[in-house]
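J.: Please work from the sequences and hints to get the whole structure.
Okay, here's what each chain looks like letter by letter:
Number of protein chains: 2
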Amino acid sequence: MHILVLGAAGMVGRKLTERLLRDGRLGKSDITRMTLQDVVAPAQPADSGFPVGTVTCDFAVAGAAEKLVAERPDVIFHLAAIVSGEAELDFDKGYRINLDGTRMLLDAIRLIGNGYKPRVVFTSSIAVFGAPFPDKIGDEFFNTPLLSYGTQKAIDELLLADYTRRGFMDGIGIRLPTICIRPGLPNKAASGFFSNILREPLAGKEAILPVSDDVRHWVASPRAAVHLLAASRAAARLAGRAFVTPDDVAKMAPAVLRHRIALTPDAELERYRPDDAIAAAVRSVPVPR
Amino acid sequence: MHILVLGAAGMVGRKLTERLLRDGRLGKSDITRMTLQDVVAPAQPADSGFPVGTVTCDFAVAGAAEKLVAERPDVIFHLAAIVSGEAELDFDKGYRINLDGTRMLLDAIRLIGNGYKPRVVFTSSIAVFGAPFPDKIGDEFFNTPLLSYGTQKAIDELLLADYTRRGFMDGIGIRLPTICIRPGLPNKAASGFFSNILREPLAGKEAILPVSDDVRHWVASPRAAVHLLAASRAAARLAGRAFVTPDDVAKMAPAVLRHRIALTPDAELERYRPDDAIAAAVRSVPVPR
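Respectively, the protein sequence lines represent chains C and H. FYI, numbering that gives the first Met the number 0 numbers position 256 of the first sequence as 255, with every residue one higher than the one before it. FYI, numbering that gives the first Met the number 0 numbers position 192 of the second sequence as 191, with every residue one higher than the one before it.
These are calculated hints, taken from the structure and not from any lab test. It is possible that some hints are incorrect.
Label-pair ranges, simulated between beta-carbon atoms [to be verified]:
1) H:Pro209 x C:Leu88: 45 to 55 Å
2) C:Val286 x H:Phe141: 24 to 34 Å
3) C:Ile171 x H:Ala206: 39 to 49 Å
4) H:Ala254 x C:Asp134: 30 to 40 Å
5) C:Asp134 x H:Leu228: 31 to 41 Å
Among the chain H residues that face chain C by a calculated CB cut under 8 Å, a handful are [said to hold, decoys possible]:
6) Asp89
7) Phe90
8) Lys92
9) Glu139
10) Phe140
11) Phe141
12) Asn142
13) Ser147
14) Thr150
15) Ala153
16) Leu157
17) Met168
None of the values given here were measured: they were computed from a predicted structure. Using N, Cα and C, we set each Cβ at its ideal position, and we do this for glycine too.
T.: Below is the structure:
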């Protein structure tokens with residue numbers, strides 16, 4: 000199986016590539032080749048059990064998409080995008096990359112024809128949704144994006160669905176929330192401050208909250224979530240069970256989450272501990288039935 | 000006020016043009032000029048109180064949109080489109096006209112700048128919606144179009160909303176249902192048979208229903224609806240009232256609708272009259288509160 004990753008040098012692209020290299024397989028198929036593309040040079044992996052090529056190019060210029068798909072990769076992860084803040088500041092660039100680039104990619108796949116029908120995994124965004132929000136936002140909530148970025152992602156989803164219905168590809172869009180905590184310096188995403196307000200205090204620095212403190216937002220910290228799931232599975236296995244119970248999760252939560260929590264000076268003065276915060280959080284989550 | 004109508008030679012375009020010429024005004028402004036565009040030559044109106052120009056061109060080729068908006072029309076009705084059946088049969092043509100053409104128009108308006116901000120009225124379609132449908136389909140129902148045509152209209156709506164939010168225009172999209180009864184020959188709309196099954200029997204001809212007879216669909220017959228409203232207003236005025244009551248509508252319904260109804264031979268044999276059908280329909284509509 001040949002996997003092409005567009006936007007491989009970004010945060011999600013790097014994490015995805017790392018994981019695919021480690022697993023050596025995707026679903027039930029062995030990976031036999033990978034191609035990593037980005038507009039800045041993707042890092043060449045040190046060792047992998049199969050050939051990994053890198054391509055440095057703007058995928059949204061004429062002819063680029065055709066070259067990228069010419070060798071018919073079986074799975075294409077399309078993560079390449081201009082982030083929200085930049086797409087809002089530079090109208091033309093946002094539409095060129097996020098809409099035209101994606102459409103060029105889909106058309107390049109379509110025009111190969113001859114039965115070529117790759118799996119296309121597209122990272123959309125919760126920015127396709129617009130206020131006012133209900134308490135629970137389902138996939139059936141309508142798309143009234145508040146930014147050009149969300150507009151472009153919503154349009155890409157519509158294209159992906161139509162091209163899939165037509166039989167040109169097997170596409171799926173995933174609406175990612177804000178991924179926290181971004182390492183290193185902030186990027187130009189409008190939601191970047193969600194990482195800042197978590198990262199900077201952990202490093203003992205001040206962080207500015209640019210929105211009202213009653214703003215609710217959906218974020219994902221994949222590492223903690225994945226490790227909590229893995230630890231809970233291990234706990235279930237050690238207890239001789241083939242299934243995870245809510246108690247397994249509650250039992251492993253302190254070990255997985257303790258070092259990820261920084262207390263306020265006030266809480267520390269009151270001898271409040273991270274474990275108290277975790278216990279309170281665990282208590283506040285209803286047991287699923 | 001200068002009004003530009005794109006797609007002026009189509010059914011809705013002709014009806015709209017006729018009405019604007021008759022009224023001589025739109026909202027509170029006098030019309031001082033009109034430009035009628037279509038890919039087939041729009042008819043030159045016989046007499047009008049102001050200059051009416053006609054343009055025959057494909058609005059979706061490079062440079063066409065710029066020319067059309069160069070004289071900064073105040074209101075643009077954008078009705079030009081490839082209909083559903085044709086957009087489904089000819090993938091490239093549908094996307095070129097319904098998506099690229101609309102985007103070229105919006106960009107041509109945007110790039111004039113200098114405070115130019117026309118009213119853009121875009122005819123979208125109920126094809127933006129996809130099954131399964133709830134009993135009532137509101138504007139907040141999500142867009143999962145089942146055809147490329149609906150996909151293109153949904154994308155255009157997203158563009159219109161973003162360009163409006165950015166301040167490039169004052170856009171509004173209207174999701175038209177199937178307009179019945181289309182005069183003359185069927186066009187290439189997938190929904191054309193809704194007109195056929197009404198038009199052909201009225202002319203004593205056979206019509207084929209290509210879908211199951213429990214299919215429910217949303218149609219609009221603007222003339223009957225407009226005349227029923229006008230007659231009801233007149234009835235209210237004659238009764239010395241400034242407002243229309245449900246009884247006014249019920250009273251005028253037979254006169255407006257009687258000649259629009261063709262009975263089945265079975266119903267005729269049973270001495271059922273069109274007025275009986277209208278009375279039954281009026282009784283079945285709950286009085287609004």
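J.: Confirm or reject each hint.
T.: Checked hints:
| no. | hint | verdict |
| --- | --- | --- |
| 1 | H:Pro209 x C:Leu88: 45 to 55 Å | holds, 50 Å |
| 2 | C:Val286 x H:Phe141: 24 to 34 Å | holds, 31 Å |
| 3 | C:Ile171 x H:Ala206: 39 to 49 Å | holds, 41 Å |
| 4 | H:Ala254 x C:Asp134: 30 to 40 Å | violated, 50 Å |
| 5 | C:Asp134 x H:Leu228: 31 to 41 Å | holds, 40 Å |
| 6 | Asp89 | violated, 12 Å |
| 7 | Phe90 | holds, 7 Å |
| 8 | Lys92 | violated, 14 Å |
| 9 | Glu139 | holds, 5 Å |
| 10 | Phe140 | holds, 7 Å |
| 11 | Phe141 | holds, 5 Å |
| 12 | Asn142 | holds, 7 Å |
| 13 | Ser147 | holds, 5 Å |
| 14 | Thr150 | holds, 4 Å |
| 15 | Ala153 | holds, 5 Å |
| 16 | Leu157 | holds, 5 Å |
| 17 | Met168 | violated, 14 Å |
Hint compliance for this structure: hints 4, 6, 8, 17 are not met, and every other hint is.
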